[in-house]
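Q: The lines below spell out each chain.
2 protein chains.
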Amino acid sequence: MENNTKTTTTTTTSAPSSSTVSRTVVLVLRVLTFVFLLIALIVIVLTKETSEDSDGESEIKFNDIHAYRYMISTIVIGFAFNLLQIALSIFTLVSGSRVLNGDGGYLFDFFGDKIMSYFLLSGSAAGFGASEDLHRFFKAAELPLNSFFGKANASASLLLFGFITTAIASIFTSFALPKKA
Amino acid sequence: MENNTKTTTTTTTSAPSSSTVSRTVVLVLRVLTFVFLLIALIVIVLTKETSEDSDGESEIKFNDIHAYRYMISTIVIGFAFNLLQIALSIFTLVSGSRVLNGDGGYLFDFFGDKIMSYFLLSGSAAGFGASEDLHRFFKAAELPLNSFFGKANASASLLLFGFITTAIASIFTSFALPKKA
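Residue numbers (full-length UniProt numbering), protein chains in the order written: chain D, 1 to 181; chain V, 1 to 181.
Possibly wrong hints are sitting among the right ones.
[Said to hold, decoys possible] The following residues of chain D were derived to be distant from chain V, with all beta-carbon distances above 12 Å:
{"#": "1", "residue": "Lys48"}
{"#": "2", "residue": "Glu57"}
{"#": "3", "residue": "Leu88"}
{"#": "4", "residue": "Val94"}
{"#": "5", "residue": "Gly96"}
{"#": "6", "residue": "Pro144"}
{"#": "7", "residue": "Phe161"}
[Unchecked claim] Pair by pair, the computed Cβ-Cβ distance ranges are:
{"#": "8", "chain 1": "D", "residue 1": "Ser58", "chain 2": "V", "residue 2": "Leu46", "range": "29 to 39 Å"}
{"#": "9", "chain 1": "D", "residue 1": "Arg69", "chain 2": "V", "residue 2": "Lys61", "range": "24 to 34 Å"}
{"#": "10", "chain 1": "D", "residue 1": "Lys139", "chain 2": "V", "residue 2": "Lys61", "range": "11 to 21 Å"}
{"#": "11", "chain 1": "D", "residue 1": "Ile77", "chain 2": "V", "residue 2": "Leu46", "range": "29 to 39 Å"}
{"#": "12", "chain 1": "V", "residue 1": "Gly150", "chain 2": "D", "residue 2": "Val45", "range": "56 to 66 Å"}
{"#": "13", "chain 1": "V", "residue 1": "Pro178", "chain 2": "D", "residue 2": "Ala140", "range": "52 to 62 Å"}
{"#": "14", "chain 1": "V", "residue 1": "Ile77", "chain 2": "D", "residue 2": "Ser51", "range": "32 to 42 Å"}
{"#": "15", "chain 1": "V", "residue 1": "Leu143", "chain 2": "D", "residue 2": "Val25", "range": "47 to 57 Å"}
Hints listed in this document are in silico derivations from the structure and should not be mistaken for laboratory results.
Here a beta-carbon is modelled for each residue, glycine too, at the ideal position from N, C-alpha and C.
Please put together the full structure from these sequences, using the hints given.
A: If you want it as structure tokens, here you go:
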């Protein structure tokens with residue numbers, strides 16, 4: 001069925017090829033990643049809570065937790081690389097030719113998506129791992145900080161969505177690889 | 001250069017093909033993953049420390065920290081799936097044919113390695129994220145638990161090595177994919 005539609009569409013030159021379709025899907029996934037990472041960045045930067053105890057006021061911010069600092073660095077680096085990928089994708093779609101000729105462009109996309117997806121996942125998992133147990137210990141110490149950990153978890157969730165869209169893009173760029181075996 | 005060696009080896013039938021070489025490399029990587037995950041499992045199970053304070057003795061074990069419970073579940077599931085992959089790899093190498101015919105085997109290897117590598121990385125990152133900040137808070141509370149967190153970090157490092165070998169295997173199985181673009 002897939003093959004039949006392919007052969008009929010190739011007779012009309014205006015119909016998009018399967019390669020153009022997959023490039024468009026990858027571009028949409030990258031724009032979604034961009035949106036998720038942007039909101040994740042805004043949320044993590046706003047993650048702070050002021051608590052009052054017998055000693056006076058004390059404020060906790062995202063950079064008091066090392067795991068959240070790692071999380072923010074994965075968001076920022078992922079964001080910068082994502083912008084580069086979007087620029088290259090748009091260039092390829094518009095001009096029809098790749099910036100990197102031959103196998104280079106495919107390899108760049110493949111390794112770029114692969115490494116970025118690992119990177120974003122590690123940031124999200126580190127954030128969730130720290131939140132879960134720290135929140136329990138703070139609760140046990142009668143200092144729940146629900147808003148603080150809620151915001152941090154919201155940011156880690158958005159980072160996880162960014163990972164999922166990058167991982168799906170990575171499947172497409174793996175299938176587009178030139179065959180070596 | 002690569003192409004030259006390939007054409008000369010194909011003339012002698014006894015020389016291994018590049019596909020057999022990459023299958024052997026993948027098998028070696030999977031055996032390494034097996035070793036790393038086995039030691040990671042032993043180390044995390046042994047992660048406990050007894051501390052004495054004014055209230056008497058108290059013991060902390062790996063299952064007191066939720067992130068370490070998630071870590072152990074990724075190790076166990078990764079370990080089980082790894083054994084299945086090793087069995088299938090050995091079968092393919094010995095018999096020369098695959099259990100799953102057609103594209104099925106390649107897709108199984110590709111998605112198996114991809115999902116497993118994400119899974120192992122998330123366990124390792126969650127473990128490191130929790131260790132880093134919990135250790136700081138315990139140190140600040142004059143209860144360093146250095147041995148406990150040291151063992152947990154050793155296990156998370158081994159899990160990270162298991163992730164790295166799986167990620168390299170994943171590159172090989174991506175290049176072996178049937179071309180779809």
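Q: Please go over all the hints and tell whether each is borne out by the structure.
A: Against the structure, the hints:
1. The beta carbon of Lys48 of chain D is kept farther than 12 Å from every beta carbon of chain V, the shortest such distance being approximately 16 Å.
2. The Cβ of Glu57 of chain D lies farther than 12 Å from every Cβ of chain V, with a closest approach of about 19 Å, so its non-interface assignment holds.
3. For Leu88 of chain D, the condition that its CB be more than 12 Å from all CB atoms of chain V holds, with the nearest at approximately 17 Å.
4. Against the 12 Å criterion, Val94 of chain D stays outside the reach of chain V, whose nearest CB is about 19 Å from its own CB.
5. Every beta carbon of chain V lies more than 12 Å from that of Gly96 of chain D, the smallest distance being close to 15 Å; the non-interface claim holds.
6. In this structure Pro144 of chain D is separated from chain V by more than 12 Å, as the shortest Cβ-Cβ distance comes to about 15 Å.
7. With a least CB separation of 14 Å from chain V, Phe161 of chain D remains clear of the 12 Å interface cut-off, as annotated.
8. Between Ser58 of chain D and Leu46 of chain V the Cβ separation comes to about 37 Å, which falls inside the hinted range of 29 to 39 Å.
9. In this structure the hint that Arg69 of chain D and Lys61 of chain V lie 24 to 34 Å apart at CB holds, the actual value being about 28 Å.
10. Between Lys139 of chain D and Lys61 of chain V the CB atoms are about 20 Å apart, so this pair conforms to the stated range of 11 to 21 Å.
11. Hint check: Ile77 of chain D to Leu46 of chain V, Cβ distance near 35 Å, so the stated range 29 to 39 Å holds.
12. Gly150 of chain V and Val45 of chain D have their C-beta atoms about 33 Å apart, which leaves the hinted 56 to 66 Å range violated.
13. Distance hint for Pro178 of chain V and Ala140 of chain D: a CB-CB separation of about 54 Å, consistent with the stated range 52 to 62 Å.
14. Between Ile77 of chain V and Ser51 of chain D the Cβ separation comes to about 39 Å, which falls inside the hinted range of 32 to 42 Å.
15. For Leu143 of chain V and Val25 of chain D, the hinted distance range of 47 to 57 Å is satisfied, since their beta carbons lie about 52 Å from each other.
Hint 12 from the list above is the single one not met by this structure.
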